[in-house]
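Here my numbering is used: the first residue of the sequence shown is 1, the next is one more, and so on.
For the record, the hints were derived by calculation from the structure and aren't laboratory data. Bear in mind that the values here come from a model prediction, so they are computed numbers and not experimental data. Some clues are possibly wrong.
[What the hints assert, rightly or not] Under the rule of at most 20 Å between Cα atoms (straight-line distance), these lysine to aspartate or glutamate pairs were calculated in the EDC-like manner:
id	residue 1	residue 2
1	LYS16	ASP26
2	LYS16	ASP38
3	LYS16	GLU52
4	LYS61	GLU97
5	LYS85	ASP125
6	LYS85	ASP38
7	LYS129	GLU97
8	LYS16	ASP35
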Amino acid sequence: MLSAFYWTNVYHPIQKVEELIQVEADELTDMLIVDGQDATLRRLERLARSSERPLFIAAYKNPQGVWTLFNIPAMPELPPADWVKIEADIYKSGLEEDRLALLKISRLRNGALLLTGRDIARHEDISEKTRYAAGWIIPLTLILSVIGGYLMSRAIGLAINEMAVCSEVIVERDMD
């Protein structure tokens with residue numbers, strides 16, 4: 001049951017987000033090649049301002065090495081992988097808004113980088129809580145199973161003992 005909950009609330013939704021990110025990354029990479037940097041930056045700005053959930057997160061590094069960030073406070077070091085998760089927390093009026101960005105890294109031939117992603121903090125929170133619950137549920141289930149098995153064996157043993165005593169009484173009456 002726990003695995004069905006995890007699949008429904010974490011694994012499957014993150015797979016859907018990954019598919020969305022892949023489509024957006026492909027579209028934006030094509031747009032960058034066909035329409036150029038200015039049109040793509042305007043599109044990135046519109047996507048970053050939209051109220052669509054999960055929140056759009058992106059970054060663009062032009063061939064000269066200058067970063068333009070969209071819903072990311074700072075750019076961390078990037079691994080050589082095509083997909084990366086980064087903390088993208090935003091601070092507004094002294095309050096922290098937790099964000100975890102799942103980003104697709106698109107490397108262009110001219111040296112530019114386009115990072116396209118979405119906020120998956122909600123799914124990651126559920127995943128963390130599910131793992132925590134599993135850490136308690138599995139041992140608790142095992143303990144309750146052992147205790148239940150012991151109590152059932154004891155109850156059955158007492159019932160068998162009662163039947164043995166009753167049969168002895170019946171046999172003794174028949175012998176008299």
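Earlier hints that do not hold, by number: 2, 4, 6 and 8
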